Amino acid sequence: MHIADVTMFHAPASGGVRTYLQAKHRVLSRSPNLRTSLLVPGAERDSLGDHHTLPALHLPLGQGYRFPLRRRPWREALVDLSPTLIEAGDPYVTAWAALEAGQRLGVPVVGFYHSDLPNLMGDRFGRHVHQRLVRYVVDLYQRFDSVLAPCHAMANRLTEWGVPNVRVQSLGVDLVQFHPSRRDPGFRAAMGVPDDKKLLIFVGRFSREKNIDVLLATMRALGSDYHLLLMGPGMPTQVPSNVTVVNRCCGSHEVARALASSDALLHAGTRETFGLVAQEAMASGLPVIGARAGALIENVPLGAGVLCQPLDPDAMADACAALFSNDIAASGRYARHYVERQFSWDSVIGSLLTHYIDLCGLEQPDARAVRR
Numbered sequence: 001m002h003i004a005d006v007t008m009f010h011a012p013a014s015g016g017v018r019t020y021l022q023a024k025h026r027v028l029s030r031s032p033n034l035r036t037s038l039l040v041p042g043a044e045r046d047s048l049g050d051h052h053t054l055p056a057l058h059l060p061l062g063q064g065y066r067f068p069l070r071r072r073p074w075r076e077a078l079v080d081l082s083p084t085l086i087e088a089g090d091p092y093v094t095a096w097a098a099l100e101a102g103q104r105l106g107v108p109v110v111g112f113y114h115s116d117l118p119n120l121m122g123d124r125f126g127r128h129v130h131q132r133l134v135r136y137v138v139d140l141y142q143r144f145d146s147v148l149a150p151c152h153a154m155a156n157r158l159t160e161w162g163v164p165n166v167r168v169q170s171l172g173v174d175l176v177q178f179h180p181s182r183r184d185p186g187f188r189a190a191m192g193v194p195d196d197k198k199l200l201i202f203v204g205r206f207s208r209e210k211n212i213d214v215l216l217a218t219m220r221a222l223g224s225d226y227h228l229l230l231m232g233p234g235m236p237t238q239v240p241s242n243v244t245v246v247n248r249c250c251g252s253h254e255v256a257r258a259l260a261s262s263d264a265l266l267h268a269g270t271r272e273t274f275g276l277v278a279q280e281a282m283a284s285g286l287p288v289i290g291a292r293a294g295a296l297i298e299n300v301p302l303g304a305g306v307l308c309q310p311l312d313p314d315a316m317a318d319a320c321a322a323l324f325s326n327d328i329a330a331s332g333r334y335a336r337h338y339v340e341r342q343f344s345w346d347s348v349i350g351s352l353l354t355h356y357i358d359l360c361g362l363e364q365p366d367a368r369a370v371r372r
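What the sequence shown shows, in UniProt numbering, is residues 1 to 372, in sequence order.
Since the hints were derived computationally from the structure, they do not count as laboratory data.
All figures in this text were calculated on a predicted structure; none of them were measured in a lab.
Glycine is no exception: its CB is placed at the ideal position from the N, C-alpha and C atoms.
Have a look at the derived ranges for each label pair, beta carbon to beta carbon:
{"no.": "1", "residue 1": "253", "residue 2": "58", "range": "23 to 31 Å"}
{"no.": "2", "residue 1": "347", "residue 2": "241", "range": "41 to 49 Å"}
{"no.": "3", "residue 1": "205", "residue 2": "136", "range": "19 to 27 Å"}
{"no.": "4", "residue 1": "225", "residue 2": "205", "range": "26 to 34 Å"}
{"no.": "5", "residue 1": "207", "residue 2": "136", "range": "17 to 25 Å"}
{"no.": "6", "residue 1": "190", "residue 2": "1", "range": "43 to 51 Å"}
{"no.": "7", "residue 1": "47", "residue 2": "237", "range": "36 to 44 Å"}
{"no.": "8", "residue 1": "22", "residue 2": "342", "range": "15 to 23 Å"}
Take the sequences, apply the hints, and build the full model.
This is the structure:
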């Protein structure tokens, strides 16, 4: 069996989609008689093992992303790979190329709806744009043999719009990389944060839907007893005195150390389709203070954090105070236990592989072999 992934959501500073693809290919590489290929944009055409790039337009303000303009090179590259199944990870040119390649090869094509395009663009450009993009999404995704959504809310929305064959496929967490044992006693001193401060953290790229302005307003409301560490490219530099900014793309080892060395994650995003950073924080033993919106409603259970009214700094400050007034260490332990049970990459990708095998009409292997 040969699985080919194609997406434009793959760049040095990209987040959840890149993490998903890397974990997926790592887990599947251990499966016998199974091959994986990844086709993504790059500066030039290149191949290194199972990783293939095609040249694409560099987006000037796109934090390293590149945008393919023509279907044909992508379609032909997929046809040349001759996979058993294709998965498209974005709703743009590569998705249409994947559908055409799948039709040419006679193989199933899966569309993974990672990003809520109509709502993200609708927030910026209004209701008319939202409605047009809903029509576009339905026209595109109804053509796939299967559509994956990373949370129930997103799956239900696609179904309500009229997209058939929708299946919830959660992402996972590297439970070894993100672990409470990554806590570094010298981390706070290295960041210039006194030990007596309650240390909050947010990690991600700066984008409108992350609502970083709400985090900053929350810190102004909380005052000097709390400190926030903002990590990620494009973060603002004009911040309150109780905020420290690491304005660059941070590696997973650095993020794991920072999360495990903090007290809680502060997350104001309202358009999360999975909320990977929240799961990584919980795996690191941190409870989550977040907006009651998007996938955080599903993936931050009672006891592992506090969710509050979205876009309300005062409500978020109250949620912080409520969390720290209780046993925050117990909340962190419960958060870790929850992620261990729900979101290990091995179990997540094992379930996905079973779905692939069904789509391809192949014989199901023994369940224990899939888990291995």
